[in-house]
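A.B. asks: Heads up: the protein sequence lines correspond to chains A, B and C, in order.
Going by my numbering, the first residue of the first sequence is number 982, and it counts up by one from there.
Going by my numbering, the first residue of the second sequence is number 379, and it counts up by one from there.
Going by my numbering, the first residue of the third sequence is number 864, and it counts up by one from there.
Don't take each hint at face value.
Stated by the list, open to error - These stretches of chain B come out as covered by chain C in the derived footprint (C-beta under 8 Å, 3 or more residues):
#1 394 to 400
#2 460 to 473
#3 524 to 535
#4 577 to 585
#5 588 to 596
Claimed, not checked - Residues from chain C that keep clear of chain B, each with C-beta distances beyond 10 Å, as calculated:
#6 VAL889
#7 ASP924
#8 ALA1001
#9 LYS1065
Hints were generated in silico from the structure; no laboratory data involved.
Note that beta-carbon positions come from the ideal geometry of N, C-alpha and C, so glycine has one too.
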Amino acid sequence: MSRPKTLVAAVAAAVALTASSACSGSAKKINGGGSDGNVYTSIDANNPITAGAPMNPFNASPNTFLGYDQMQLGFDKKNPADPNDFFPGLAASWTATDTGLTVQLQPNAKWSDGTPVTLADIKTSVAVAYTQGLAGPSAATANPSAGSLEVSGVKDLGGGKIEFDEQPGVKNLYFTRLALSLTIVSDKVYGSQVPADVWTTIAAAQGPDANAAKAAITKLTTEGKALAAFAPAKDVSAGPFVIDHIDPGSAVMNRNPYFYDVKKIAPKQVVVRHFTGNEQIWSYMKAGELDSAPFTAMPTNVLNQVLGAGYTRMDSVSFVGASIAFNEKVAPFDKTAVRQALAYVIDRDAVTKVGEPVGGVPNAATTGLIKAQSDTFLSADQSAALNPYKPDPAKAAALLQSAGFKKDSSGQWHLPDGSAWKITLQAVNGFSDWISASAVIANELTGFGIPTTAAVTTDFATYKKEMGAGKYAFGWWLVALGPQTDKAYNRLYGSDDGFVYTNGQITHNDSGWEHTPETYAVNGQTVATGPLTAQLSVTPVADQKPIIAQLAAATNQELPVIQIWDYTRVQFTLNKRFTNFPKTGDEALLANPPGVWMMQGYVQNK
Amino acid sequence: MTGFGRRLAGKLAMGLVMVWAVATFTFFLVRALPGNPGDVQYENYILMGMSPGQAQARVNAVYGFTSHEPLPRQYGGYLWQLAQGNLGQSTSYSGVPVAHIIGSALPWTVIPVLSGLIVSFLIGVAAGVVAAVKRSSRWGGLLSLSGSVVAGVPTFVVALLLLLVFHTEWHLLPFGGTSDYEAGWNAPYVGSVIEHAVLPVCTYALLSYGGWLLAMKSSVISVLGDDFILAAELRGITPVTRARYIGRNAILPLFTVLALSFGLMFGGSIFIENTFDYPGLGSLLLKAIGTRDYTLMSGAFLLITVAVIAANILADLCYTLIDPRVRR
Amino acid sequence: MAVTTATLGASPRARRPALLAFRTAVLRKPGRVVGLAIIVLFALMAVAGPWLYGRLEIDPDAVYAPPSAKHWLGTDFAGSDVLQEIIVGARYVLGTAALAALITAVLGTGIGLVAGYRRGFTDSVLMRITDFILTIPAFPLLIVLSTVWDFSSPWLMGLVLGGTGWGGMARAVRSQALSLRERGFLEAARGLGLSTRHIIVKELLPNIAPYVAMHLLLSTIAFVTAEVGLFFLGVVPFSTTNWGVMLNQAVFSGGALESPDALFYLLAPLSCIVLLTLGIVLFLDAVDELFNPRLRERA
């Protein structure tokens, strides 16, 4: 087709009208080299970038980038053996004490305007966290495993030492972890956004008077609303980069000359590109435009293209798994034999090959944990004793027959009451891996003699609501959220299963949707899943093994869910403009964004 | 008041009534929608490692923008704010004004739509005249067929095919975003913006090309058969004058196509921006739906509708100005 | 646009000549025959497709396989046959479009006829409603509605498409009715004292039937576009396969734009949509000629 000059002219004229607010200057190609370092181009999977969104990390869709211009005291290594294991960030070192945490700030910690990071900044950041629901007493305080950060005060001990005092009477095993994960913002920018009496309100929220505390929490949340929408005119960052400007297509960040470890930071500029879907990220990679790319659920053909474009693949453990959950209130899923039979019918290898061929590993033994966790906590004998549920139609048939099911002459299974057995497998719109995998599972079950339909719900919010209403008996569910094991088991034996806390006591009621029995009988022992899970959250990791052994064996035998695959975080790096990237095996680094790699001395100019 | 003024006032009043009707419709539709952005984000927070209690607290803090006032009051407030140009606060952006977010996206829809409109008008009208004059020849027939097929083939099919050919196969044009350069007053930036806009603009142009062509063709054919042309021919006018007669009279009905084209293009922007990853109004509408941000969604939808209503009025007025019969 | 008496003067009893004329019109140009053949082919596909095949076979070891003797158009993300999916998926796409077209025909013709024949207040009210429907950009509206309704059932999808798409038809029918109203045979009918209902149903309707048919074919294209588009964008949850779902999977999960392996999976539904459009457009030419003799004279 023809493209006359008018098009060019019209576009140019119109662009001229709109671009006037953008800064002028010499043309800078977003993807180019330079004398004092190259430009690092990447994508932030959590932030697709919207022009017009504020440069405020507390906004729900912020234009700030963790590890680049958004800083924390430390960065989580995602170590299942020690949840408090962190990389240093603004904190150079720290010591957990009986009453809280003492942090040694980086000696040169400065904001991008040249002023030092001080106690005022930390204090404001904690106060902001209270107004944003990121710290402090929540509705779930009665639940010790709610595990929120409870700070009663922040003190300057001098010499850059800062003390975080945990609220008296609260003993959170992961106080260190939560305090180090706080987003630290500048008091000059955010100080005016929190009320002057915020610490009085926080004290009231922590006070013994339940009604006053509740009122204080409401007050904090109300005050936080304006702050979440607050749009600073300029980015002030204590991280290695600071935002220069946000285009509709990208966020451009310059190296922060005042960053405490600026000599380690090789790129002079970081460009985070906009994306709307995975296919965009793949296209950028195919053209060699990204220096590193985050995890996307990709098929093998795309993987080959990406590798062909010169990318290196880096695999690391992603502490989450995909499973299919049951509503045990719906017959026949209340029968353990039925759930086991289905586990024998579903070929997890085949399902993973279609659903998550690159970013998934078939789950080993459906224990409620992913393999990296169970390997950490279970002994070799314990692991060997687990049932791997290898595909075995004969065993499945035997189990069904033992439960009173009958197969008719056409090969279709009938329920014990004689009616034909049909299943609907529910997935969620947008989870393309689940939807693809559903097709395979439905095919396998139908082939076995249980006609199965794959259905899809509009969105996750509706999905959860309908699940809660008991509308889905058999549907996809994310499990093994970690690395903390208490969180992983909370996914199975927590509020979704009707285990709730009232006055510090755990009770089981009908409010969940899983409807598992309150206790299981495993190897002659009674396993109380809910209380054991709650116990995990107050048990130091070193002492968790016996509890996890019980929960894993029980989950493996009773199958409240059938785990299908463990996600693998597959990331890519390009050795073209930069070198010295982390590699497969550098689990702790790969769990963090590239800005953190740079802080640790990785990513050098080529 | 002149006839034209009365007509203008009437059209504007009608337009306002339409805007009000659409605003009312979206207001009540939005309140009937299930789910809210907080529910969607809650699950994300859980996946990011928050405990259920924390996630709930965070959701209450950042997504607490739902009003709990009685419905008629909310409706009154909404209309009042709307009259002042306030589209409300976005939920998925924790209270950032919707007008601000839409304002950032708007240029990236308006520029390609207008460019595409101009391109398709020029090509479509020219092709329409050729198709009319040569309607008995093979080329004329093919031209008409191209118009009908292009008008019928879905936008996303055109967009995908263009992307496949010019980006994937030939690597001629970029994909995604609006520019590879930092925004500014310089040749590389403007050049890059144009380069990125070529595919979307071409798709927009193809979208309404068929409409122009077919309308122009049938208009020219009907004018050719009109009595006054025949009479003029008998009087022995020059071919140039004849062409002017025909052109002037044939182009009139095209203004109805203008209105139609606007509607098509703003509707098509959803596909075009989604396929080319172009951050305009259509992308924003899709994003708002994905995050269940209902204020943003109704804001974007309302704006698209208002654009179409405005285009209708504009087309009608142009028609009035040119055709003396209607002016009277 | 002016319509001459030649076609419209035909009385309802002259059906056989109309059929004959239709045959002659279709056979006049080979393109029209091709168009009709394409439409018939897709219609057959939609009717018989799901009966031809049982459930889709799945083969996790042959994901995105290239075309072969076994799989003429290759396979998809789960190793299922693409051709089979195209054929099975035609029913949802075309069935929905047909339902929507039916609703459009009933609503559009009804409202257009009444408005055009009654004129006055009824006309004003009906046309304001029509204007409203025409002004709201249909596709953005569908996307917004997709958040409220579950479009996985073809019935609801067809209902909504038809319910939002009748405006153009009502407009066109009204203007036809307006011009027919002043014609001799209608004045005669009125003079005879026949009831309004009789006049509308027995006299007006048969005369605008070809016009309605033409519009219906055009709106079918629009309906196919809209529904396939909704699935392509992924705003409508899907559980069964259809062309839109295939496009969505190919582009957003299969990487058809990045790797040639999934290309056939993308091109197959794309070609079907283009082919169907082409078929309808070619065939429309014949309907157009039947209806507009001015074209016939000059062709």
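A.B. asks: Honestly, which of those hints from before does the structure not fit?
C.D. replies: 2, 4, 5, 8
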